[in-house]
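Trainee: Chain residues, written in single-letter form:
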Amino acid sequence: MKYNSYRSEKIAFTILFAATFLVVLPVIFIILMIIQKGYSVISWEFLFTMPAKGMREGGIWPAIVGTLYLVLGTLIFALPLGVLSAIFLTEYAKNNALTRLVKLAIINLAGVPSVVYGLFGLGIFVMFLKFGASILAGSLTLAIMVLPIIITTTKEALESVPQSFREVSLSLGTSKWETIRFSVLPYALPGILTGVILAVSRAAGETAPILFTVAAFYLPKLPESVFNQVMALPYHLYVLSTQVPNVDIRLRYGTALVLLMLVLSLNLMAIVVRAKFRKKKKW
Amino acid sequence: MVEGQIKIAANNLEIWFGQIHALKSLSIAIHEKEILGVIGPANSGKSTFLRSLNRFNDLDPHFRFQGSLRLGGKNIYKDIPVGELRKRVGMVFALPVPLPLSIFENVVYGPRRHGIKQKSVLEGIVEKTLQEAYLWEEVKDRLHISAMKLSGGQQQRLCLARTLAVEPEVILYDEPCSGLDPISTAKIEEAMRRFRKRYTQVLVTNNTKQAARVSDRTAFFLMGEMVELDQTGRIFTFPKDQRTNDYISGRFG
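Protein sequences, first through last, are from chains A and B. The opening residue of the first sequence carries number 1 in our numbering; numbering runs sequentially from there. The opening residue of the second sequence carries number 1 in our numbering; numbering runs sequentially from there.
Be aware that a few hints might be false.
Derived lysine-lysine pairs resembling BS3-like cross-links, with alpha carbons at most 25 Å apart [unchecked claim]:
| id | chain 1 | residue 1 | chain 2 | residue 2 |
| --- | --- | --- | --- | --- |
| 1 | B | K74 | B | K24 |
| 2 | B | K24 | B | K240 |
| 3 | A | K94 | B | K197 |
| 4 | A | K276 | B | K128 |
| 5 | B | K33 | B | K209 |
| 6 | A | K176 | B | K240 |
| 7 | B | K240 | B | K209 |
| 8 | A | K37 | A | K53 |
| 9 | B | K140 | B | K128 |
| 10 | B | K140 | B | K117 |
| 11 | A | K94 | A | K176 |
| 12 | B | K33 | B | K140 |
| 13 | B | K197 | A | K176 |
| 14 | B | K128 | A | K279 |
| 15 | A | K176 | B | K24 |
| 16 | B | K209 | B | K197 |
| 17 | B | K209 | B | K149 |
Derived CB-CB ranges, DEER-like [claimed, not checked]:
| id | chain 1 | residue 1 | chain 2 | residue 2 | range |
| --- | --- | --- | --- | --- | --- |
| 18 | B | S25 | A | Y92 | 32 to 38 Å |
| 19 | B | I116 | A | Y92 | 38 to 44 Å |
| 20 | A | G132 | B | D79 | 39 to 45 Å |
| 21 | A | L47 | B | V82 | 29 to 35 Å |
| 22 | A | L25 | B | G115 | 25 to 31 Å |
| 23 | B | D141 | A | V112 | 40 to 46 Å |
| 24 | A | M269 | B | G67 | 53 to 59 Å |
| 25 | B | E84 | A | S225 | 32 to 38 Å |
| 26 | A | L104 | B | G73 | 46 to 52 Å |
Keep in mind the hints are simulated off the structure, nothing from the lab. The beta carbon of each residue, even a glycine, is placed where N, CA and C say it ideally should be.
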């Protein structure tokens, strides 16, 4: 058969389309399944009351609160530290062997399995620093886990700001820090927020790092200080699914649905803020 | 032109970027309030020379230099803090780079960083500098729209106003009209001629005709060396060096 460009175009298109479709399919399937099996238990009571009768009844309020606290705590530690060190690495550090080693280490940190972070948090924060299993220990552990995400995205955001902006600012006699503060950071902000979105999703969804450092199996009350344990949604989901016999299956899917919605709405907030900044700073 | 006081003096200036010897043993005196045109083909060292005057070459980590460079008799590396130097020696770049801010905020970017907060003072600066850059009439009713909405030529005049706003003594132009329409080019050249009484100006350009039109003296650079420096009228009519003659008559470059 003779080569036919029309025909090869059609084949290529079909294969590429099919691949994309196969990627999207499971996502749609997961979301539909969770909604379909979980929506019926969602109620005011399910969201805002304590679990009861060994978690077979009642709500998941403490797990929602716990997850929110953990996400907040993670950002408090990881965001300033990550952004500031990314600024140093991109704008100040000389491009020498040491800097390259540090950058490599940060990239590799992103590949460490999350259970290893959990073990590390147990050793350092829970036992060595004697924070006990607590919101503080859990937040710090999660913060270390999401640091590479925040540093990498911030670095990329800073690098995507045109070099010419820095030159213009410097040429007007401003210091390096003023240049970063007024001519680089404002335009890197949307990119940094992308990192925040990724970090929030990761922190809210991970089970292994909180397993030894903060998560309570069954604790039907709200925490009173950062040294308290809390329940958290992903761990609660794991417990419901494997550790408690005779749980209504809808409770599991309801919990999964809440976790999904929580992460999505946190992301949505960041996306709205990001869109606002993008609209203002276009070049 | 009467030989004025010396504003900038380079003495045996040598510049390297890594292994590349970009500027070779340059000695030159730039007079107070003159327009010095600098012409030459690509890689002739003319931009390197220009960027050494406000220490912009320092931004390249491979930059090394030897020799001395003085502004008003003071060594720009030892006696003047780099921020102050760049305030006194402003620069207009080849491509207009407005920051993604309003026209107003672009002009007051420098003054704000240097501590001017009063609104009336800032407004005064904006009006004065935009007028000097021949842009005021076109934008006076829309100072708060984004500078990105202006045309390329307007943007370049805005960049000129932004440079003027920090009250420099010297203005460096790095091929300021390379991407501009003839009308904007004419306006910027007109501004340069008007500035003659107030600023010392150095104009690096690929357009030899532009150097002939506006500069008082013209220097010809080739392969990192200054081949010739003379009154503009003379260099374009009776160049002493054969290479200068070849370049300005369009035989190479």
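Trainee: All hints, please: hold or fail.
Mentor: Here is how each hint holds up against the structure:
1. K74/B / K24/B: Given pair K74/B, K24/B holds - Cα atoms ~22 Å apart, limit 25 Å.
2. K24/B / K240/B: 20 Å, holds
3. K94/A / K197/B: 43 Å, violated
4. K276/A / K128/B: 33 Å, violated
5. K33/B / K209/B: With a Cα-Cα distance of about 21 Å, the restraint between K33/B and K209/B holds, given a limit of 25 Å.
6. K176/A / K240/B: Judged against 25 Å, a Cα distance of about 45 Å means the pair is violated.
7. K240/B / K209/B: 18 Å, holds
8. K37/A / K53/A: The given pair, whose Cα atoms are some 22 Å apart, holds under the 25 Å limit.
9. K140/B / K128/B: 11 Å, holds
10. K140/B / K117/B: 21 Å, holds
11. K94/A / K176/A: 14 Å, holds
12. K33/B / K140/B: 29 Å, violated
13. K197/B / K176/A: Violated: K197/B and K176/A sit about 32 Å apart, past 25 Å.
14. K128/B / K279/A: The given pair, whose Cα atoms are some 30 Å apart, is violated under the 25 Å limit.
15. K176/A / K24/B: 30 Å, violated
16. K209/B / K197/B: OK: K209/B and K197/B at ~22 Å, within 25 Å.
17. K209/B / K149/B: Answer violated: K209/B to K149/B is near 30 Å, above 25 Å.
18. S25/B / Y92/A: 32 to 38 Å: 34 Å, holds
19. I116/B / Y92/A: 38 to 44 Å: 28 Å, violated
20. G132/A / D79/B: 39 to 45 Å: 60 Å, violated
21. L47/A / V82/B: 29 to 35 Å: 59 Å, violated
22. L25/A / G115/B: 25 to 31 Å: Since L25/A and G115/B have Cβ atoms about 60 Å apart, the given range 25 to 31 Å is violated.
23. D141/B / V112/A: 40 to 46 Å: At roughly 58 Å between Cβ atoms, V112/A and D141/B fall outside 40 to 46 Å, so the hint is violated.
24. M269/A / G67/B: 53 to 59 Å: Once the Cβ atoms are compared, 57 Å apart, the range 53 to 59 Å for G67/B and M269/A holds.
25. E84/B / S225/A: 32 to 38 Å: 52 Å, violated
26. L104/A / G73/B: 46 to 52 Å: 49 Å, holds
In terms of the numbered hints stated before, the structure departs from hints 3, 4, 6, 12, 13, 14, 15, 17, 19, 20, 21, 22, 23 and 25, listed from lowest to highest.
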